[in-house]
Amino acid sequence: MRSRGWFGGRGWGRRRRRRRRLRRSRAPVTLADLREGESGVVDSLQLPEDVALRLMELGFIPGTTVVAGRAAPGGDPRVYRVDGSEIALRRETTRHLLLRLLG
Amino acid sequence: MRSPFSEEANLQVTSGPALLDGPTATVALVGPPNCGKSTLFNRLTGLRQKTANFPGVTVERHHGTVGLSDGRELEILDLPGTYSLTPRSEDERITDDLLRGKMPEVCIPDAVLLVLDSTNLGRHLVLAAPMLALEKPILVILNMADELRRRGGEVDVDALSERLGAPVVLVSAAKGEGLEGISQFLESTFRAPDPVGLPVLQSPPSCRQWAGQVAAESAYRPPVAPVWTQRLDSLFLHSFFGPLVFLLVVLAVFQTIFSAAVPLMDGVEALITWSGGWLESALPDSALKSLLVEGVWGGVGSVLVFLPQILLLFLFLGILEDSGYLARAAVIADRTMAKVGLQGKSFIPLLSAYACAVPAVMATRTIENKRDRFATILIAPFMTCAARLPVYILVIAAFMESRPLLGPFLGTRAAALLGLYLLGFLAALVTAVILKSTILRSDRTPFVMELPPYRWPTAKSLGLRLLDRSKIFLRRAGTVILSVAVALWILAHLPLVDGQAPEIGESLAGTMGRTIEPIIEPLGFDWKIGVGLVTSLAAREVIVGTLGTLNGIDGDEESTGLQEALRQDLDLGGAVALLVFFAFAMQCMSTVAMVRRETGGWRIPILQFTYMGVLAYVGAFVANQLVTWWWV
Ligand SMILES: Nc1nc2c(ncn2[C@@H]2O[C@H](COP(=O)(O)OP(=O)(O)OP(=O)(O)O)[C@@H](O)[C@H]2O)c(=O)[nH]1
Ligand SMILES: [Mg+2]
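Protein chains in written order, with this note's numbering: chain A, 1 to 103; chain B, 1 to 632.
Treat the hints with care, since some could be wrong.
Stated by the list, open to error - Cut-off 25 Å, straight-line C-alpha distance, at most; resulting in silico cross-link-like pairs (SDA-like, lysine to any residue):
1) Lys-339/B - Ala-32/A
2) Lys-436/B - Gly-74/A
3) Lys-436/B - Thr-93/A
4) Lys-289/B - Gly-505/B
5) Lys-50/B - Ser-323/B
6) Lys-339/B - Ser-39/A
7) Lys-289/B - Leu-508/B
8) Lys-339/B - Arg-95/A
9) Lys-436/B - Pro-48/A
10) Lys-370/B - Glu-92/A
11) Lys-370/B - Thr-30/A
12) Lys-339/B - Asp-76/A
13) Lys-436/B - Asp-76/A
14) Lys-436/B - Thr-30/A
15) Lys-289/B - Ile-504/B
16) Lys-370/B - Arg-91/A
17) Lys-370/B - Arg-441/B
18) Lys-460/B - Pro-130/B
19) Lys-436/B - Gly-197/B
20) Lys-50/B - Ala-459/B
21) Lys-339/B - His-96/A
22) Lys-289/B - Lys-460/B
23) Lys-289/B - Glu-506/B
24) Lys-339/B - Arg-91/A
25) Lys-102/B - Asp-146/B
26) Lys-339/B - Glu-92/A
27) Lys-436/B - Asp-50/A
Quick caveat, the hints were computed from the structure, so don't treat them as lab data.
Construct the complete structure from the given sequences, taking the supplied hints into account.
Laid out in structure tokens, this is it:
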């Protein structure tokens, strides 16, 4: 499931994206590893309890599918579609949201 | 008075004296942020609380009354949005405290109107669980019915009502649909809900699972994702086009302020000159005439001229807020804000400070971390508020030629104005760095921000904003600016010498100005500017009125324009210094009072006032020296 909108895909930032892709050989492990348009299933939130609770209230509950969307210029923060709404999170937070490994 | 909307809802809006026995009961509007509580509140009460398309608009409790068809009156409370009953910020705490009866001055509401967004029922129903568990009479209001329908969603209201054991209505607060269900509930005798099988409230996963089940059992078909929101986001959050579009829009606004608004401004100015002239010829020569023409007309009129520009600015800010772009701007700004030790959430109050710092200081309540919140309060008055605009425009127009810089897109004057806005923003950022690395150091709080779908700003909502803003502006002109003008006119005509008003330099006002002249002389200001600086402590734009009054009294028979008079009072160095001074100084008593209220003491406002004052003085001094040295 890959939706790019009007201005996605080619051009600016493409080269950087490719470089990142080369660096990554394993499957995504945390939410921060998801690139625009990719999705993953939340497994656990390795965060202080109050932050984890707030994120769960917003839909980041273990078992839920999250789709990564656009990021702000510079790649951080990024918008995620989860449970019917769009939430922006910083990389420093999404690094601690582990994804369920597929297969 | 009957509000035009109340007819269909069969609700009678009462403003004015309340019924003798007063409201019979209190109901509270509770719900997640941005689900339309305030829009509904406005519909029901006929009031005009602020609504906008981003989470965290309402940050305090608002009261209103609604009259029922049987003659009773109910009190309605509009509350800040909250995702759960575990509050994390000041605004969420208000809702929680109220529901739990922890607010001494208000009683616990008799019933709750739980407003949920019907386009995202699965997640929003999660809040229904703790609310039902309160065992308070409750009406579940599914709002945004129009959007649900348009995007192809569906829900069986009766099934949901049965499942929750509480009445449910599907409404559109924006369109005014389905409000009769709400009045039916308000007129009925309240009954506690009777839910079956509530989940374990402490566990979000089990609450979410319960909500999903309830939604499924009520034949809820979620609407398709909003396509336009994704398209617009792919533009506005694009790493190159996003900032570019934003920059172009901002440039366009500044250019419009100068080019499109100048004819308007000239029109208003001509009208004021003409009516002032008419007053002059219609009234017999007397002190009263001088007071009216020079004091009142010169003072208040000079400020009134700036209404069109201010409205233009508010129109722009209104579009930003109502469309949903503001939340994206906060995302884009987050990186910059992180560098100075704050986070994207602080950007929203800062942007609203471009209108006025007073509501901005209040809007910081949505920031969870107290130190971040105080830092944001401390830097908010650096943002160029609407009251600075008249001063900036007057001085720039008086001292700067209008030449195109980038063709028709940007002229020199608009560029200078933009520069002043940037100067204020930079001062805010630098101050934030200083604060966050010294007295307000704290751990980084995570940035979590829900982005609303883009919505068309409605002409009605924008129109009402402009109307309200004009009223505020005119009220200020009629109170603060008017009284300062009158007081100043009196001071400029005393003490009487042989029954005659003295030469203005010898008057009380002149003496006052000359007393402080030595202090401000290094900045390149003369005594008239000094008087303006003193009066502008009441509100920044008062300086324009003051200069207008002084010029009116001092001027010869042929009244010279205010710009011309300003060129005689100031040289270029002094003009730049004046602009810098206004960019930095905290000449606004309302802001000082609000900061005191929100920080709970005098410490922060005094620190802020002193810091900004010193910065303004030093900045103006340096600017004056630099410009004088450069051009001479
Ligand atoms: N399409 C549509 N939009 C609505 C409806 N009700 C409210 N809105 C819009 O939703 C946005 C949020 O409305 P508000 O009334 O400010 O929401 P709120 O719940 O008071 O938000 P907070 O004060 O932040 O908690 C505004 O842009 C409204 O115009 C509706 O029934 N249909
Ligand atoms: Mg509100």
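Checked hints:
1. Lys-339/B - Ala-32/A: Holds - the C-alpha atoms of Ala-32/A and Lys-339/B are around 20 Å apart, at most 25 Å.
2. Lys-436/B - Gly-74/A: Holds, because 23 Å separates the two Cα atoms, which is no more than 25 Å.
3. Lys-436/B - Thr-93/A: 21 Å, holds
4. Lys-289/B - Gly-505/B: 21 Å, holds
5. Lys-50/B - Ser-323/B: Roughly 14 Å separates the two Cα atoms, so the pair holds.
6. Lys-339/B - Ser-39/A: 29 Å, violated
7. Lys-289/B - Leu-508/B: Holds, at about 20 Å.
8. Lys-339/B - Arg-95/A: Given that 25 Å is the threshold and the Cα spacing comes to 19 Å, the pair holds.
9. Lys-436/B - Pro-48/A: 22 Å, holds
10. Lys-370/B - Glu-92/A: Judged against 25 Å, a Cα distance of about 21 Å means the pair holds.
11. Lys-370/B - Thr-30/A: 30 Å, violated
12. Lys-339/B - Asp-76/A: OK: Lys-339/B and Asp-76/A at ~12 Å, within 25 Å.
13. Lys-436/B - Asp-76/A: Roughly 21 Å separates the two Cα atoms, so the pair holds.
14. Lys-436/B - Thr-30/A: 30 Å, violated
15. Lys-289/B - Ile-504/B: Given that 25 Å is the threshold and the Cα spacing comes to 17 Å, the pair holds.
16. Lys-370/B - Arg-91/A: Between Lys-370/B and Arg-91/A the Cα gap is close to 23 Å, so the pair holds against 25 Å.
17. Lys-370/B - Arg-441/B: 11 Å, holds
18. Lys-460/B - Pro-130/B: Violated, at about 36 Å.
19. Lys-436/B - Gly-197/B: 48 Å, violated
20. Lys-50/B - Ala-459/B: Distance ~15 Å between Lys-50/B and Ala-459/B Cα, so the pair holds.
21. Lys-339/B - His-96/A: 21 Å, holds
22. Lys-289/B - Lys-460/B: 42 Å, violated
23. Lys-289/B - Glu-506/B: 22 Å, holds
24. Lys-339/B - Arg-91/A: 15 Å, holds
25. Lys-102/B - Asp-146/B: Since the Cα atoms of Lys-102/B and Asp-146/B sit roughly 37 Å apart, the hinted pair is violated (cutoff 25 Å).
26. Lys-339/B - Glu-92/A: 14 Å, holds
27. Lys-436/B - Asp-50/A: 23 Å, holds
In summary, the numbered hints that this structure violates are 6, 11, 14, 18, 19, 22, 25.
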